[in-house]
Each structure stands twice: as structure tokens, then as C-alpha cells.
Amino acid sequence: MTFTDKIIIPEGNKKHLFDISEVKFIKADRYYVNVFCFNKKVLIRITMKKLQELLPDIFIRISKSVIVNVRHIVRIEESKSSCCIVLAGEIEQQVSEKYRLEFDNFFSKIA
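Position 45, counted from 1, in the sequence shown is what the UniProt record's numbering calls 45; the numbers after and before it change by one each time, with no gaps.
The hints are simulated quantities; they were obtained by calculation from the structure and are not laboratory data. All values reported here derive from a predicted model rather than from experimental measurement. Note that the Cβ used here is the ideal one computed from N, Cα and C, for glycine as well. Keep in mind that the hints are not guaranteed to be accurate.
[Unchecked claim] Subject to a maximum C-alpha distance of 27 angstroms in a straight line, what follows is the list of computed DSSO-like cross-link-like pairs (lysine-lysine):
id, residue 1, residue 2
1, K80, K109
2, K14, K50
3, K49, K15
4, K41, K24
5, K109, K64
6, K40, K6
7, K64, K40
[Said to hold, decoys possible] Here are the computed distance ranges between Cβ atoms for each label pair:
id, residue 1, residue 2, range
8, E77, G12, 37 to 43 angstroms
9, H16, S81, 16 to 22 angstroms
10, S108, N34, 27 to 33 angstroms
11, N105, S81, 35 to 41 angstroms
12, S79, I8, 35 to 41 angstroms
13, I58, E97, 18 to 24 angstroms
14, E90, D19, 20 to 26 angstroms
15, G12, Q52, 16 to 22 angstroms
With the sequences and hints as input, model every part of the structure.
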């Protein structure tokens, strides 16, 4: 593992370090975000917008309140009107209309 395999998220005078491979998704909770990893959940005071600027390209925003690590998507269930992703551990997250085009474009590049 190299240092580039880490995410550094600042919070006041602290810096949280996460292994990229361990982070499944991030969910907003008012003025905080919950970082969901395989073995823990960490609450950090930071905005989604600021956090998104810090994350590498393998993280994609799928709604106003959720950013996912695409390496942990195991299935995409879509219809004309909706799209749902399933992450490792059978965690389902809806892709909102606002972020659907960006999501589709991301996956069309790698398909």
C-alpha cells in the first residue's frame, strides 16, 4: 500500500486517514458526513462539497447526500425512471435524477 492509497479528511485540528479500499460510501448528515468503512463508521464535520473536492476519481456522487466508492459497487439495477446500486454487503443506494447523467457517463467510459 502506498500513501496515495489513503484519503485524508481534515476536521478542525485533526486529520482522519482512511484506506481507499476500506471506504464503501459516504453519507451526509446535516453538517457532518458519515464515512462507512467495512469495519467502522466515522462521523466527521465537513460539507459534502468540500469532501468531494478531496476525493479521488473512484468516488462518485450519486445523490445530494451520498458519495460511493465505485470499487465496491457489485450490481447496478436500472430502469428508465430509476437507478439503484448495490454495494458490497448488499447495501442499496438510489442514484438521484440530478446525478444520473454523471453516473451513466462515468460507467460508459469503463464499459
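The hints, checked one at a time:
1. K80 / K109: 20 angstroms, holds
2. K14 / K50: OK: K14 and K50 at ~16 angstroms, within 27 angstroms.
3. K49 / K15: Roughly 17 angstroms separates the two Cα atoms, so the pair holds.
4. K41 / K24: Within the cut-off at roughly 10 angstroms; holds.
5. K109 / K64: 23 angstroms, holds
6. K40 / K6: It holds: about 16 angstroms lies between the C-alpha atoms, which stays within 27 angstroms.
7. K64 / K40: This hinted pair holds, its Cα atoms lying about 23 angstroms apart.
8. E77 / G12: 37 to 43 angstroms: Cβ of E77 to Cβ of G12: about 39 angstroms, so the range 37 to 43 angstroms holds.
9. H16 / S81: 16 to 22 angstroms: 37 angstroms, violated
10. S108 / N34: 27 to 33 angstroms: At 30 angstroms between Cβs, range holds.
11. N105 / S81: 35 to 41 angstroms: Taking Cβ atoms as reference, N105 and S81 lie about 18 angstroms apart, which means the hint is violated.
12. S79 / I8: 35 to 41 angstroms: Since the Cβ atoms of S79 and I8 sit about 38 angstroms apart, the hinted range of 35 to 41 angstroms holds.
13. I58 / E97: 18 to 24 angstroms: 23 angstroms, holds
14. E90 / D19: 20 to 26 angstroms: Given range 20 to 26 angstroms: holds, Cβ gap about 22 angstroms.
15. G12 / Q52: 16 to 22 angstroms: 19 angstroms, holds
The structure fails to meet hints 9 and 11 from the earlier list, while all remaining hints are met.
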